[in-house]
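Listed in order, the protein sequences are those of chains A and B. Residue 284 in the numbering used here sits at position 284 of the first sequence, and the numbers go up by one each step. Residue 10 in the numbering used here sits at position 10 of the second sequence, and the numbers go up by one each step.
Derived by calculation from the structure, the hints in this document are not laboratory data. Nothing here was measured: the structure is a model prediction, and the numbers come from that model. There may be inaccurate statements among the hints.
Unchecked claim - Here's a subset of chain B near chain A, in silico, CB distances under 10 Å, partners left out: (1) Cys15; (2) Lys17; (3) Glu18; (4) Ile22; (5) Thr43; (6) Ile51; (7) Glu53; (8) Thr55; (9) Lys68; (10) Ala69; (11) Ile70; (12) Gln81.
From the three backbone atoms N, C-alpha and C, an ideal C-beta is built for every residue, glycine too.
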Amino acid sequence: MLNPQKIRKDFPILRRRINNYPLIYFDNAATTQKPKQVIAAIEGFYENHNANVHRAVHTLSQEASELYENAHEEVANFISANDMEEIIFVRGTTEAINLVAYAWGLRNLKSDDEVIVSLMEHHSNIVPWELLSKIGKFKIKYVNVNNDGTFNYEDFENKISKKTKIVCVSHVSNVSGVVNNVKTLAEVTHEHGALILVDGAQSVPHLPVNVKDSDVDFLAFSGHKMLGPTGIGVLYGKHEILEMMEPFQGGGEMIREVSFNSKLQRCSITWNDLPWKFEAGTPNIAGGIGLMEAVKYLRRIGMENIKRHECVLTEYAMQHLQKLPKAKIYGPREASAKCGIIPFGIGGLGSHDIALFLDNYGVMVRSGFHCAQPLHQIFKLQSSVRVSFYIYNIREEIDRFIEALKEIEQI
Amino acid sequence: MPAVDDYVARIEGTCGKEKDVIVIFKYGKKNEAIARILKKAKTKKSISGIIFEMTFKNFSFRVYSSGKAIFRSIKDKGELQALLFELLF
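Work out the full structure: start from the sequences and follow the hints.
Next up, the structure:
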């Protein structure tokens, strides 16, 4: 069982007061707060082991390399990857998706090919493909979303074909919290000989995710949405696919050898082993170590416990929101179909007004499009307010949030 | 020379179809800024002393006691700066 009161003691920021009220942080889909264990791991690295990784013989570099490699291994175990060679550290989900788009897509997508993207995607899983399609001239097919925000599986089956080369879909919507069945999507995708890239930014921090079981080809996620620091994220890729891919960026670390041929006046280059082939330049070493600590923290709690805790909070919040006369919840009404995220509005009020009002009471929520404008077009919304929960949130906070909303309904 | 920056810490464009603009007043100056605005603009409604729904000339906006204000239908930066100057000085 998850004990949120005990967990809260690990998060120094939760002691803060905002506008004379205790901080209530309900913007976890944007980024999560950091436990003292993660903060200490980063501090500990800089105080005791700081050096650049790999290719140095001195003690500090060896310590830093070992910690950085351990971080890859920890993440590999967390998502049940085969080994750390399938784990590439990047800046975040956006960079992970761009890596696939440019390193795989640029070389494999031709003019007759098709890429399938869902309309519930975050802009970071739409824009790279739109940008690339201007170079590769391939076609993008968008899969519709049902009126309640759920994925339209029928439309997906109608749109996928032998021309499809890659399917790009989020595991959990960052707006509605809808959980997609990526295992089924992967099965259908593979039947058509295509690859599947899953945006796991909102799933990996909140649910048990097993890449072997779901059989996805690529999985992208961010460290800062799962208690880790900003500037570190992960691209998981199946070993055989990563092996076939050319590097994304060139620089140090990703090469084995660069030899100058004086006759040809050119350099010939061989790539480093996985995962370093895709990690050009000095990586975010401290970020990786912070992420490792975050993963250890989540594993101690247990991902099933986290999922259950968020589901209980979501159900509780939805029950109370539905009782407010002017409040309207967007997306599915059943908490079981969602993952800790509730988008809503209050009749007659803009989303930013609601967020500013809640801010007065120390309640941090997000307002706007949440980087998913197409989904807002489907919902026919100007924008929405989003509350998103995590391991340290408690029912009492939802009670205070609802009390504040009762007041704003008077406007 | 009095300047809007004396009172304003940040101006944030918002994300969403509404294109609202949020003005965040300097923490140490927020009470003074709000008092000046309340003096100049007309208060249409006030909720719990937290939100002040206001109008000034053809503009409607809301001021929050936390030191933030939300402005609607602002054409550009120049228009907002001019409006803030009139409200604050």
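Hints, verified against the model:
For B:Cys15, the interface hint holds, the least distance from its beta-carbon to any beta-carbon of chain A being 3 Å, beneath 10 Å. A distance limit of 10 Å between C-beta atoms decides the matter here; for B:Lys17 the minimum to chain A is near 4 Å, and the interface restraint holds. Annotation: B:Glu18 was flagged as interfacial toward chain A, and the flag holds, the nearest CB pair being 5 Å apart, inside 10 Å. Against a cut-off of 10 Å between C-beta atoms, the interface hint on B:Ile22 holds, since the closest Cβ of chain A lies about 7 Å away.
A least Cβ separation of about 14 Å between B:Thr43 and chain A goes past the 10 Å threshold, and the interface hint is therefore violated. About 6 Å separates the beta-carbon of B:Ile51 from the nearest beta-carbon of chain A, less than 10 Å, and the hint is met. The interface hint given for B:Glu53 is met, as the beta carbon of that residue sits about 7 Å from the closest beta carbon of chain A, less than 10 Å. Residue-level restraint check for B:Thr55 is violated (minimum Cβ-Cβ distance to chain A is 15 Å; threshold 10 Å).
Of the supplied interface hints, the one on B:Lys68 holds, with its beta-carbon coming within about 6 Å of a beta-carbon of chain A, less than 10 Å. A least Cβ separation of about 9 Å between B:Ala69 and chain A falls short of the 10 Å threshold, and the interface hint therefore holds. Annotation: interface hint on B:Ile70 holds; nearest CB of chain A at approximately 6 Å, less than 10 Å. For B:Gln81, the interface hint is violated, the least distance from its beta-carbon to any beta-carbon of chain A being 20 Å, above 10 Å.
The structure fails to meet hints 5, 8 and 12 from the earlier list, while all remaining hints are met.
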